[in-house]
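Okay, here's what each chain looks like letter by letter:
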Amino acid sequence: DVQLLESGGGLEQPGGSLRLSCEASGFIFSSFAMNWVRQAPGKGLEWVSVISASGDRTYYADSVRGRFTISRDNSRNILFLQMGNLGGDDTATYYCARGNIAGVPAAPYYWGQGALVTVSS
Amino acid sequence: QSVLTQPPSVSGAPGQRVTISCSGSSSNIAINSVYWYQQLPGTAPKLVINKNNQRPSGVPDRFSGSKTGTSASLAISGLRSEDEADYYCAAWDDDFNGLFAFGTGTKVTVL
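As you go down the protein sequences, you meet chains A and B in turn. In short: position in the first sequence from 1, add 1309, done, that's the working numbering. In short: position in the second sequence from 1, add 46, done, that's the working numbering.
Don't read these hints as lab results, they were simulated from the structure. Built from N, CA and C at the ideal position, the CB exists for glycine as well. Don't take every hint at face value.
As the list claims (entries may be wrong) - Chain B stretches covered by chain A per the calculated footprint, using a threshold of three residues with CB under 8 Å from any CB of chain A:
id : region
1  : 75-84
2  : 90-100
3  : 133-141
4  : 146-154
Produce the entire structure from the sequences given, and follow the hints as far as they go.
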């Protein structure tokens, strides 16, 4: 079974940085594109970023471009989201989600359980 | 503000059929596939319709998707209590440099 386990969430101050990780298992990680999607408390879903299977192509939502960086380590089956210059609007549950193809764009297909990030002083 | 618009809520009695609409534009639904996600209370989203009208393995055939022009729909027939959830449509938008746009979301209530 496809399993995605996010970690690294927590409380961070405005202007700070945080790195989320997503450990993947149950499939050949290096064969699929991966996404990050977030959901603010009580709000709808917002796509954040996608990375191709090889890691050579990435896309970002306008709201995070220049502040967030998506990356992956195919040797360890881990997806990352480095988040910087955090603001209150970044408070959300962050989900990693596997696509169903190697290239991008690849829509989220399988989802992890999410990691909560809270930005507050 | 989302580029895909859904009704805030729909409701139906058990056994009935409900339909959720998703309105987009020429840069998203008209030219790209539509996806539908179900989010049960307190859980992660789950894909229920892939590429306009394909059901992933394990999704009941009570769920069906369709697309016409710049709009799409999700239909749930034989409504059951376990279908009570938030539903989101989504599509890639070619006007926004790689944006995967989610709809505004629809709460389905089983009366």
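Hints versus structure:
{"no.": "1", "hint": "75-84", "in the structure": "holds (count 3)"}
{"no.": "2", "hint": "90-100", "in the structure": "holds (count 5)"}
{"no.": "3", "hint": "133-141", "in the structure": "holds (count 3)"}
{"no.": "4", "hint": "146-154", "in the structure": "holds (count 6)"}
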